[in-house]
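**Student:** All chains, full assembly: derive it from the sequences and hints.
Residues -16 to -1, 1 to 1201 in mature numbering (1 follows the signal peptide of the UniProt record, and there is no 0) are what the sequence shown spells out, letter by letter.
Be aware that a few hints might be false.
List of simulated lysine to aspartate or glutamate pairs, EDC-like, C-alpha gap at most 20 Å [as the list claims (entries may be wrong)]:
id, residue 1, residue 2
1, 185, 292
2, 1038, 995
3, 593, 336
4, 597, 577
5, 85, 43
6, 387, 575
7, 682, 715
8, 619, 629
9, 1040, 934
10, 682, 311
11, 826, 867
12, 619, 663
13, 1040, 842
14, 884, 124
15, 387, 591
16, 387, 355
17, 387, 503
18, 384, 336
19, 779, 867
20, 71, 95
21, 1038, 865
22, 593, 615
23, 974, 957
24, 64, 51
25, 305, 355
26, 423, 435
27, 779, 811
28, 482, 461
29, 446, 421
30, 305, 421
31, 704, 663
32, 79, 43
33, 711, 757
34, 826, 757
Everything labelled a hint here was simulated from the structure, so no lab data went into it.
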Amino acid sequence: MHLLLFLFWLLPLACTLKDASSLECTPRRFVAFHEDNANLFREEGVANYTTMLLREDLDTLLVGAREAIYALDLKDISKKRASMDCKNFIRILHKMDDNNKMYVCGTNAFDPQCDYMSYTEGQLTLERKVEDGKGKCPFDPFQRHTSLMAEPTFVSMTQIPESHMSALGDDDKVYLFFSETAVECDCYQKLVVSRVARVCKGDMGGQRTLQKRWTSFMKARVECPVPGARLPYVIQDAYRWCGSPWLWSDCLFFAVFKPQEVFAEGKYKTPVTVETAFVKWVTYSGDVPVPRPGACIDNEARKIGIKDSLQLPDPTLQFIKMRPLMDQTVQPVGGKPLLVRKGASFTCIVVDQVQAADGEQHHVMFIGTEEGTLVKAVNYDGEMFIIEEVQVFQHREAIKILKISNVTVPRATCGRSSSCMDCVLSRDPYCGWDAVDGKCSLLSSSNRTGELIQSVREGDAKRCPPAGELAPLDPLERTIWPGGNLNLSCSLPSQLAKTVWELDGKTLTPTARVQSLRDGLLIFHASGSDAGRYRCLSVEKSKAGLFTTTVAEYQLVGKPGFIGFSPTEDNANLFREEGVANYTTLLLREDLDTLLVGAREAIYALDLKDVSKKRASMDCKNFIRILHKMDDNNKMYVCGTNAFDPQCDYMRHTSLMAEPTFVSMTQIPESHMSALGDDDKVYLFFSETAVECDCYHKLVVSRVARVCKGDMGGQRTLQKRWTSFMKARVECPVPRARLPYVIQDAYRWCGSPWLWSDCLFFAVFKPQEETSDLSAVCAYRVSDISRVFAEGKYKTPVTVETAFVKWVTYSGDVPVPRPGAMRPLMDQTVQPVGGKPLLVRKGASFTCIVVDQVQAADGEQHHVMFIGTEEGTLVKAVNYDGEMFIIEEVQVFQHREAIKILKISNVTGQLYAGSDSGATQVPRATCGRSSSCMDCVLSRDPYCGWDAVDGKCSLLSSSNRTGELIQSVREGDAKRCPPAGELAPLIPLKRTIWPGGNLNLSCSSPSQLAETVWELDGKTLTPTARVQSLRDGLLIFHASGSDAGRYRCLSVEKSKAGLFTTTVAEYQTGLAPLPPIHEEVEDPVGKLAAEALSVSVFRHYRVTQRDQGGYVIDVENPVRALLELVLFKVAAKIPCADLHEVIDALVEKTAGTLQPFLLEEPYEENITYVSANDENGERILHTAPSSPLPKAPALPPKQALNEELKMKLEKRRASQE
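**Tutor:** Take a look at the structure:
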């Protein structure tokens, strides 16, 4: 019995839709939540506002919630008109024929009840006529429901030497892993399954039957039961690992199985034909010939005279010819995958066995990915641990083949771990910490293996030296530029670790201004208060506990510094030849210390120790696919595709075999003016498990059902049950979807209440695969649905020999009148208008939909869809002649919460949305969001147009100049808008450049479809690593005087009519003017202080009165940090004899930016200061005393002072010129 082990992975559907960009629709605008966007109603303690009744006749919105019903003002639902408590979870609200009455139902603790309710004189009242709600209202408050009120490829092949020392005289086996379309499974679409097949090595084919074909070929489905998978995973590669080439029973397949139980003991599948000639594979229950079909020639066969496959009897050969497929599936060891990983696309695998420091053996898996990374993983007692993932190619490209050598090339780079804790926590069985040498070393290269510190199962780093014994890190100094942004890098050694920052020994709590990122700490608008010693800690949890280590330390001081980063290529040695591709065939020749590489039109011999070194090469006009070692060690066998005519020559690739809950219900008045005297119909949309589909798992499909309004049930058969109930599958064919999408909501739109043939159903769909993030909208004609029920064929259940029920197309006679209940399932599916979805959107999860029809300025009618999402946004979209255009997406709730219901009012022009925590209303259009003609026209909103007279974007319905409004919904043609030269120019905003700091120029583009282009002094600005163009602005790092100039932000948007450009923002940047250094300051300290104070803008300043008389100005500005460093923290102060000099100094130092505000009394009487008590630290506010300090003389009048200042400034400007 040989154990076979499986390894599979998670392949998200998003990864398989690589060319789905054509399906993606980007909203033109996303509007963040603001109270101006919507009126919100919410009551404290009340939840689940998910049932609504729109009473436009009463100008009221009825909202049913948990234990409450509300009557809200339809124009502003934040205004509550009335409310009523009811100890019930409201799920049904209906209007009665009596306009004042309504029908209300609740779950009533899983015992549904209904009652009549009226709304009169501003009050909600129950009539207390309680009715049983079973069949009308769901039992479960959260169950989806609806109601209506009487209106109604081979990938691997390997040989196992099973004949060696076999007591049964068995033959060697060849196992093949591949994938193919499942013939045994009748599914929604063709289903691809993974297989393992087995062939006996000595199989020579049959004498008459199966001549020159395998007589022992048997195959079985390979299972890798990934939790939640709705479809079987498809095998990509398999690797055989054997501890010894002869101990085959110890061999493991990674993607492997138990072959003998399936092939030697399992039952077979056999094809049967049902009445419609449909072939169905079922379990074979008849007699099995002897010898067993597909078995190898063993001692038992030899005893009856069968020495090879040519002597096998015809019954055995006919049996295996017809039935090569086994009924039993091959399950993985443990019944589950070793590794399930999201976001990765695995391509190939190799496995190594290594002995850890404790003597235990471990299988280490090396897995290649589509992204060009190599994943290294180990399974420790059922716990899968990924040690590392290495990017082995510079660019993103798939690893298509892997080989492993036990002679050369270490499978670990232990030196990546620079500390003991990091080395032990990596749990790499190849590595351990050498305390003597103080490094992480390979066990295989150490002569102290028993002394190395290692803990692969637990990750226990307690044996590592304590932190106190380690050499402390030297803190790196960083400068604080006041007002700038500061980034402290901290690269954690592990992605499993958490970052914790300390400031001066205390844990730092992140805020909006101080943000802890994955790779560092970001401080916005830094100031002197941020100075201190910062320490970055890596906190990692393992089975043995939490382990903390210091990764980086910083001292924030005034010394400027910059540390760059230079990438290295230590991860891999790379070989690549210019113009050559597809290095996907490898032959490992350890005996020659060489790696043979077959590529497109070339073969290379590379140094096995360093494959970047080429030993030899040979051109061959062929695509190399096979490289094999021959018995003669110097010879190899090589094959190539040779332009689809394969050729081989002498000088292991596996051969390839070509092989083959109710969501909506509505009534349609089809009886109106019907020439056939037809009845009205009720249509129901729902989803259910498909009885007609035998699939890998239960398959959920979407349905539409139809019932006649006048259906009263049958006299004897179908008493009190619908006799006209018929249902059909509803298709919304999303390209490349492997499973049908499931309907979530449907909305009926009719141009006229009586022209039912023009009615449309708009429905939203979500995937049933967890790996897909697409949602779709499809539209259906009522006439198409009606035609399926009136003319389509039925499905009928048939039973095959094993009592299996299969639904097939009914081909018998159909009674008259046409039935609708005994065979309610139609064979034909309902297809959407145009045969495809109106909208497919990635990254959204649609929940509900309403539709409005609006007439554009050109008189054409358009359907506008409003779609609610799980994210709490409302998507507004229009389909213009097959082009889906999303006008905008609006966040209607402050927090992320699903919109569960939508209503639309043609009276108020409002949309109403309900979620678990509240209800809100949103206008169908907010034209005022477009502030320019170009933005208004490019929005392509049929509700809005640009009013050139009023100079604003207006609603067509509220304008008396509709024909004059500028609008272009189909083309987005803004050429009729006033030219840019006729518009008032923008006034540029002034921005100051602080040398060495970062400069951020904001630019909010009005459209998400627009591209941002920046100009500097009239020329297009090309972004660089230092000057980066972001979505919302321009970010200039380490700004200097060379960045000064006039910046203009342009929004460039493309529509069908062309490119349209508009100016969004303008900035004038420049360095502040530097006044001359104070020549009157003679001492070097004072001169340097004066130089530091010569910047024209102060950030902070303080005026202090000195005990010995006079004043001093203490100033902080961006040069201050450098000043303090040079002067050893000597403060920059300006001495002043009196307040006159204080005022003069402030005006002069700021080049007139500061101007005095004059008071009538002396300044000293209005100066306050704060003192602190030395004993208790209490702070006291004082007014400057008038004695014993002398009072300053009275100030001259304001005009005189201004004249004096003016003269000084003019004198200064003249001297500078």
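**Student:** Taking the numbered hints from earlier one at a time, note which ones the structure violates and give those numbers from smallest to largest.
**Tutor:** Hint check: 8, 9, 12, 17, 19, 22, 23, 25, 28, 30 and 33 fail, others pass.
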